[in-house]
Amino acid sequence: MIELHGAEQVQQLLPVYEKYFDKQAAGGGGGAEDEEKRDNVRQGVVVFLGALACHLDAADPKIRQILARLVSVLSTPSEAVQRSVSDCLPPLMKALTDDERRALVESLLAQVTDGEGYADRRGAAFGLAGAVKGCGISSLKAYGIMDAVKAAVEDKKNPDAREGALMAFELLNLRLGRLFEPYVIHVLPMLLVCFGDQSEHVREATISAARAVMGQLSAQGVKLVLPALMKGLEDNAWRTKQGSVQLMGAMAACAPKQLGACLPQIVPRLSETLIDTHPKVVEAAQHALKAIGDVIKNPEIEALSDYLLGAIAKPAELTQPCLDVLLEMTFVNVVDAPSLALIVPVLSRGLRDRRADLKKKAAKIAGNMCALVADPKDMSPYVPLLLPDIRKSLIDPIPEVRATAASALASLIRGMGGVDEHFADLIPWLTQTLQSDGPMTERSGAAQGLAECLAVLGQEHFEAMLPEILAGCHHVAPHVREGHLTLLRFLPLALGHLFEPHLQEALAEVLTGLADQVEAVRDAALSAGRVFVEEFSHSGPSLDLLLPSIEDGISSENWRIRQSATELMGSMMFRIAGTSGKVLNLEGGSDDEGISTEAQGRALTNTLGEQRHHDLLAAVYSLRSDPTLAVRNAAVHIWKTVVANTPRTLRLVLPHLMRRLIAGLSAADDDRRQTASRCLGELVRKLGERVLGEVFPIFSDGLANSEAATREGVCLGLAEVLAAARKEDLEQYIGDVVPVIRDALCDEEEGVRNAAGAAFDAVFRHGGADVAADIVPALLSKLETDDVALEGLKQVLRAQPKILASVLPKLAAPPIDAARAATLGSLAEVAGPALPPHLEALFPPLLAAMGSDDPDESEAATGAASAVLRAVPDEAHYLLLPEVLGGLEDESPGVRCAAAKLCGVFAVEAPCFDEEDDVPQLVKGLFELFIDDDESVVSAAWTALGVVMGVVAKEDQAHYLRDVRGAVETAREKVRRKNRGASVKDLLIPALCLPKGLAPIVQVYLQGVLVGKNSEVRESAAEGLREAVMSTTTSALKPHVIPITGPLIRILGDKYPGAVKSAILGALAVMIDKGGVALKPFVPQLQTTFVKCLSDANRPVRQRAAAALGRLMTLQPRVDPLVGDLVTALAAASDAGVREAMLRAIAGVFAHAGKGVQTPTAERARDAIFAVGTNSAVGDGEINAAALALAHVAAWLPDDTRASLIDRLAHELSPDGDVNDRGREARATALAALARTRP
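According to UniProt numbering, the sequence shown holds residues 1 to 1239 in order.
Bear in mind the hints are in silico, worked out from the structure with no lab data behind them.
These numbers come from a predicted model, not from an experiment.
Certain hints may be false.
Claimed, not checked - Derived lysine-lysine pairs resembling DSS-like cross-links, with alpha carbons at most 27 Å apart:
1) 314 / 290
2) 1080 / 1038
3) 290 / 280
4) 985 / 996
5) 392 / 364
6) 978 / 924
7) 157 / 280
8) 94 / 156
9) 985 / 924
10) 924 / 1013
11) 364 / 314
12) 954 / 1013
13) 392 / 314
14) 1038 / 985
15) 377 / 364
16) 1055 / 954
17) 314 / 231
18) 1038 / 954
19) 996 / 954
20) 1092 / 1155
21) 314 / 280
22) 280 / 377
23) 377 / 290
24) 392 / 377
25) 156 / 223
26) 1055 / 1092
Please build the complete structure, drawing on both the sequences and the hints.
Set out below in structure tokens:
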């Protein structure tokens, strides 16, 4: 009323209020009223007076009077009165001058610090706060208020001053609010000191001031204050730490928003302070936490505050009871910030505990926290505190802890509204841990956590990451594959129906993982598959996605995939049937009885459908025959669990089973074929005649199928049934079976015919000759019109080779045309064991056909004969080779030619070919044809020998030296007999005169020379080579000159016995004669080698070297240097044998190339020879050699020089001379040689 109407009633009201104050000052009136009533009246009068003064003019002296009255009332020991005065002062301060304001402030400051009583100082603090608010915040500095108050706080001698100053701080905060916040940071150190003041009144004032300060802080203020308080906790002085703790406790007075922002930092530090060494600090921390607990607004948490505080104070003892009561508590109200501040440290301690139950409880509560707060932002400060601990729990060794942590992680993300800044690195960390090579438990926990997170993040995020997940399932590192397969295990559990569209592609990776080489990867894949089955075998649409992949898995080539897929299929059927799948005594009892019930069977049929149910049962039954024991056991386990009566069930599923078995029999995989085969045999053995009547019609219908694989499977199945059935059970069905087999034998597809052959073999064992009589003649009759009939006949013979005896007479009757020859060749490929008894009747007509002029007939017969050679078994070798060699002696050149070709085929293709025994016989037989009168026979024999010797390894060629040399000698002898009177040089073997004539045998000689086991072999090889070279022509030898000459020269350079060297020199001499100019590249090497051999210790070596050197000079254009070297060596030689060799070499050189010797060189040679040859001390060998050399040299001397030489010899021959008898003999020998050469 005064605010609205006071301006009009100032003059009437003012005296009333002044009269009241005057009365109070005089002590009169109202003495009977008690003090409390007087304070209330006084408070009202102050308020009215202050409100009324606002309506006065600023220059009105009444204002200063009223202000003085109000200031005087401040000493009233009533806080309500003092607060009212403080509220009235701000508007009145504006009416004062600056000096008046300063004077009032100084007066109040003095009263604050020096007032006699508490009420005086408290009232002055109120007045100071009101005055500052009226003067503005700048007055704090302008009037030196803060300096004065600080000085009072620091006055160690006057506790009243310190108390007053602290009250000033308190009331300045309360009156100015956030305007005072910039000064708080300067006030805090003073408060920290005063918390430990010796005066209790000062400490109480400090607490009040701290509460006022903290209660007015803004969010920014909290950020400024907290670091200082945290730093205080690290101080070594306990009083400072105590003060910081008390200030933190005072922060409980902060506004809810500011309180929520600071508590996440305060409470953990207070918890740490509870273990401080100083009891005062610990006590302060307890009080501070209690203060925080006192501001909890949630009734449920407020009731549990003692548990929470106890768990914080004694975590080892009281964490578990606290977690227990939290889990048991039903929350109705939202959890506020102080509640979170006390709960989170307990949860963090529980997550770090070693005990699994504490970890699970803490993780569960942490996950539920977001759902209990009113605003997710309240939880935001605590996420960084909880997340590291939850991460650690996520890779805990105990599965239950990991599962609870994963759920808690997902709940946190959900509660926080998705992946914010706190979870930015969570998905990358989970992915990295998923692929780490650490313990398996870490990858499993990361997989579970990632699955839960993807479920929270939604389908879009999951589908974006799915390609990376699937790619990781076939990563090169096994631990990465294991981690991603483990993730696939948890994804269906977390995503539920969202995962169903991706089931097939995920299951494909799981099945691939089931075949992994690493057991841990296989286990992870199997676990994932079981989860798929458990989660998605509840309805038809899900089964449509799940079953195709499982059915592919049970047909896999890899047994591990089959085993795991079988187990998955069993798990699915058990779940649908509502059984646990546990069967006792798996190995015992009859297969005819299981533990299933009719109700379980109906459940399977209702869920799967009858067709699919029967098809799965057929698959299970067939897998009972799998080659792998683990797969068989798994299938038997399923069968016994879901089948009540085996015979009855088999009759129901027989069509499905037969289709599966036929498909399995025609599969490319060996295991599938073996499974189908075993299963079919077991089926027939178990049910016998009861199943045959139903099986054969299925086979008959299947053979008409357009798919070749199905027809092949039918035939294989028929073979298995025939093999497994008893003879008496089959008797009534044989008539139906034979036409099926006969038709299948003529099928266009080879695989079908092969399978039909197996079926024929099986039925033949039951029906014998009767079956053959029904099938073989029909096939023979079709040979000329149906090419496929031959293939069918081959299958028959492959199955029963003995039937060849009934086939051969018709096919091998001479003459054999091309068609029958081709048929015989084809049949020989499959009738090998039955061929030996018929070789004598088979080869003559084949050889005759091979020699036919008709190229088609000859080619077909050659192919047939080759097929026979390839088919005859090893044990019939003794029968085969004579037949082959026998044709070499036939009167017909065509037969001989064919037989020669067959020898080559025999060496290359016959499995029974024995190199060591057969090569000598083939060499001997073929060399007989090397001198045949028919050129085509000679050529065929030469070609065949090349093939035969080509089979022999190069290092083994020398083993057949004796055989080859003997064959050459025999051939040369036969040529000599044909050409009586011919010289040895003219004995040529026709086959060796063909182009490259020595090719088949040259390696035999060379290997004998190079690697012969002893000197005798090397000598024989060299002599044999000489004979072979003599038996050929220059043109035929030309391609072999270099391959032969080079090795022979190298051998001569090594240390070998004289006989070997002599033989090699003989071979080289013949090579010079036959090779001609082709040897020119080797002339320098040969010349050097021959000259070196002239000094050899062995006479035959020297003699052959001398002879060869002379022949070589026909190819040497420059003879002079050699003659000079020989003359010099002759003069220097001290050995008679060497001198003789030198003389013979000189004789050979002049005999073959004397025309190229210059006259001075010839005269020098003459003189040297004359000196040696006329020496009475030399032997006969030297005399004869000198005479020969002198005669050949003289032939190339000038006529007068030659005449002079003859005259000299004749003169010295005279008895009247000084020459002795030995000397005259030498001269006579020389003259005789000269006469023979007729120079």
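Item checked: In rising order, the numbers of the hints this structure does not comply with -> Hints 8, 22, 25 contradicted; others consistent.
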